[in-house]
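Those protein sequences? They're chains S and L, same order as listed.
Throughout the first sequence, residue numbering follows our numbering, covering 1 to 158 in sequence.
Throughout the second sequence, residue numbering follows our numbering, covering 159 to 261 in sequence.
Since the hints were made in silico from the structure, they are not lab data.
Heads up, some of the hints might be wrong.
[Stated by the list, open to error] Have a look at the derived ranges for each label pair, beta carbon to beta carbon: (1) 127(S) with 194(L): 33 to 43 Å; (2) 101(S) with 240(L): 24 to 34 Å; (3) 229(L) with 134(S): 13 to 23 Å; (4) 202(L) with 113(S): 24 to 34 Å; (5) 125(S) with 215(L): 14 to 24 Å; (6) 229(L) with 41(S): 20 to 30 Å; (7) 125(S) with 220(L): 31 to 41 Å; (8) 28(S) with 202(L): 32 to 42 Å; (9) 260(L) with 110(S): 38 to 48 Å.
C-beta atoms are modelled at their ideal positions from N, C-alpha and C, and glycine is treated no differently.
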Amino acid sequence: MSAFKNISSTGSNGDNPLTKKVYIAVLAALALAVLANLPITNQFFPFNLIFAIGTGGRAICHELGHAFFGWVFGQISIPTPMLTFPFEREIMVQLVFNGGLLFFAYWLRDKSREACYGIIAFVAVMGLISLTPYYEYIGLYMGQGGEALMGGILLYIG
Amino acid sequence: MRWHKDEKLSNCFLYAFFGIFILLDSTLFSYNLIYDSAAFNSYCGKSIFGIHNDFTRIAETTDFTVRSLALLNIMNSIIAIIAAVWLGLEAGNKLRAEDLAAK
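Please model the entire structure based on the sequences and the hints provided.
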């Protein structure tokens, strides 16, 4: 519960106006996202416009999810706003891409030890999965999974 | 793109909005696949350039069904929301503690 223990002391009693503003901004973002998503309200301006822009962003996250996991499993994947074009699987592409991820983990070793270990574990698990036929299903599923991942990352940054 | 004179607050709003929007849109899409048979039939019958949709393609060759994959997607979104809020609050608390220590 450590994440929640300081909210009441610094957020809601008003001793830190920036924190209070941050909570208001997040609540406003939540309200706008709900209004733009609900079928009852998203037929009207400006929610229909916001919905169209947001859906475009979601489609890009979806295709980037497919493309990223395609590269992880050694397929050169070209994402477009509608589809991702995967090419044949090449072991060289897989080695180079995963080598790049491991180099990124090495670069992160002093900045964030958790992220460094996380990337190494990810590369190891994906390397094992790539030896089985299940890699194809993971590549397919990670369109939707990529949306959840990107949504979570954006919410965390916010 | 600035929506407020405070750039940090403006960025916070935009990132939070897009994060919540994507998670909510994805969850509603999956919810419709499970409970709305019209949406389910439309999704499963849809094909772009002869390529079936992701869930349909997985369901064709595994024991998973489109609805079970949709349920898995809802669970993923809920986990992503909980993790993002949890980690975000912890990072915020850490920043505030550093700020107080500096003062």
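Against the structure, the hints:
1. Range check, residue 127(S) to residue 194(L): about 39 Å between beta-carbon atoms, so the 33 to 43 Å window is met.
2. Between residue 101(S) and residue 240(L), the C-beta spacing of about 26 Å keeps the proposed range 24 to 34 Å intact.
3. Checked against the given bound of 13 to 23 Å, the beta carbons of residue 229(L) and residue 134(S), roughly 19 Å apart, stay inside it.
4. The supplied range of 24 to 34 Å is broken by residue 202(L) and residue 113(S), whose beta-carbon atoms lie about 45 Å from each other.
5. Between residue 125(S) and residue 215(L) the beta carbons are some 23 Å apart, a value that agrees with the proposed interval 14 to 24 Å.
6. The hint said 20 to 30 Å for the Cβ distance between residue 229(L) and residue 41(S), and at roughly 26 Å that hint holds.
7. For the pair residue 125(S) and residue 220(L), the beta carbons lie near 19 Å from each other, so the given range of 31 to 41 Å is not met.
8. Remark: the range hint 32 to 42 Å for residue 28(S) to residue 202(L) is upheld by a beta-carbon distance near 37 Å.
9. Taken as a hint, the range 38 to 48 Å is violated for the pair residue 260(L) and residue 110(S), whose Cβ atoms sit roughly 22 Å apart.
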